[in-house]
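All chains, please: the whole structure from these sequences, using the hints.
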Amino acid sequence: MIEMMLSTALVLFAIAIAIALYRIIRGPSIPDRVVALDMIVVNLISGIAVISVLLKTKAFLEVILILGILAFISTIALSKFIERGVIIERKRNR
Amino acid sequence: MSATAEIIVAVFILIGVFLSLVSSFGVMRLPDAYTRNHAASKSTTLGVMSTLLGTLLFFYFYEGIIHSRILLGIILIFVTAPVAGHIISRAAYNSGVELSERTVQDDLKDTKNIPK
Numbered sequence: 001m002i003e004m005m006l007s008t009a010l011v012l013f014a015i016a017i018a019i020a021l022y023r024i025i026r027g028p029s030i031p032d033r034v035v036a037l038d039m040i041v042v043n044l045i046s047g048i049a050v051i052s053v054l055l056k057t058k059a060f061l062e063v064i065l066i067l068g069i070l071a072f073i074s075t076i077a078l079s080k081f082i083e084r085g086v087i088i089e090r091k092r093n094r
Numbered sequence: 001m002s003a004t005a006e007i008i009v010a011v012f013i014l015i016g017v018f019l020s021l022v023s024s025f026g027v028m029r030l031p032d033a034y035t036r037n038h039a040a041s042k043s044t045t046l047g048v049m050s051t052l053l054g055t056l057l058f059f060y061f062y063e064g065i066i067h068s069r070i071l072l073g074i075i076l077i078f079v080t081a082p083v084a085g086h087i088i089s090r091a092a093y094n095s096g097v098e099l100s101e102r103t104v105q106d107d108l109k110d111t112k113n114i115p116k
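Here the protein sequences line up with chains X and U, keeping their order.
With UniProt numbering applied, the first sequence covers 1 to 94.
With UniProt numbering applied, the second sequence covers 1 to 116.
None of these hints come from the bench; they were simulated from the model.
Remember, it's a predicted structure, so these values are computed and weren't measured experimentally.
From the three backbone atoms N, C-alpha and C, an ideal C-beta is built for every residue, glycine too.
Hints may contain errors.
[Unchecked claim] Taking lysine-lysine pairs in the DSS-like style, the calculated list, with each CA pair at most 25 Å apart, reads:
| id | chain 1 | residue 1 | chain 2 | residue 2 |
| --- | --- | --- | --- | --- |
| 1 | U | Lys42 | X | Lys80 |
| 2 | X | Lys56 | U | Lys109 |
| 3 | X | Lys80 | X | Lys91 |
[To be verified] Sample of chain X residues lacking proximity to chain U, with all beta carbon distances greater than 12 Å (derived):
| id | residue |
| --- | --- |
| 4 | Ser29 |
| 5 | Ile88 |
| 6 | Arg90 |
| 7 | Lys91 |
Right, here's the structure in full:
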């Protein structure tokens, strides 16, 4: 019974990712696309957790942490690029 | 693993799925970049936290171990996802993404064109 529920959960996460892809293609501004990409990564984390429950293995648990860190860093870098035009600034007076 | 443990795990994971679907429909249907950011950051964060809590409980019932990696993932997402939502929304406002036409008040308008 729990296998059926987990498979349904995976399908519904895939539907959520597809809707976020629609927002990436359709989105009128760049921050919409960044928000949708962040949402895709977060849904991917949930999907990996559900897959590791479904396969009864603990080999995928590092992937959760690494995807969380990568989503945060990439969102910060993209928003800094949108706001200021550069990501890593130069020193002013050297 | 007993049937009660399976039901607890499945309930947590289904709550997470429901919240993720709600936030994705909000991202599809809301009119504005800021309201879409509102839907995406809050509801997705709670959904993924609930799913990871279900995974943590599954491995606790299945092996008798609380895996610290899942716990660290829950804390990491709970700390970083609202910060990322705030910063991307601030970048959208400062780069001139327009608000919805149903907006009635914009308190940040005076701070928009300050020369740096």
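Hints, verified against the model:
1. Taken as a hint, the Lys42 (chain U) and Lys80 (chain X) pair is honoured in the structure, with Cα atoms around 21 Å apart against an allowance of 25 Å.
2. With a C-alpha separation of about 53 Å, the suggested pairing of Lys56 (chain X) with Lys109 (chain U) is violated against the 25 Å cut-off.
3. Proposed proximity of Lys80 (chain X) and Lys91 (chain X) is supported: the alpha carbons are some 17 Å apart, at most 25 Å.
4. Consistency note on Ser29 (chain X): stated as away from chain U, yet its beta-carbon is not over 12 Å from all of that chain's, at 5 Å minimum.
5. The claim that Ile88 (chain X) is not at the interface with chain U holds, since no C-beta of that chain comes within 12 Å of its own (minimum 16 Å).
6. The non-interface label for Arg90 (chain X) is consistent with chain U: the shortest C-beta to C-beta separation is roughly 15 Å, beyond 12 Å.
7. Against the 12 Å criterion, Lys91 (chain X) stays outside the reach of chain U, whose nearest CB is about 17 Å from its own CB.
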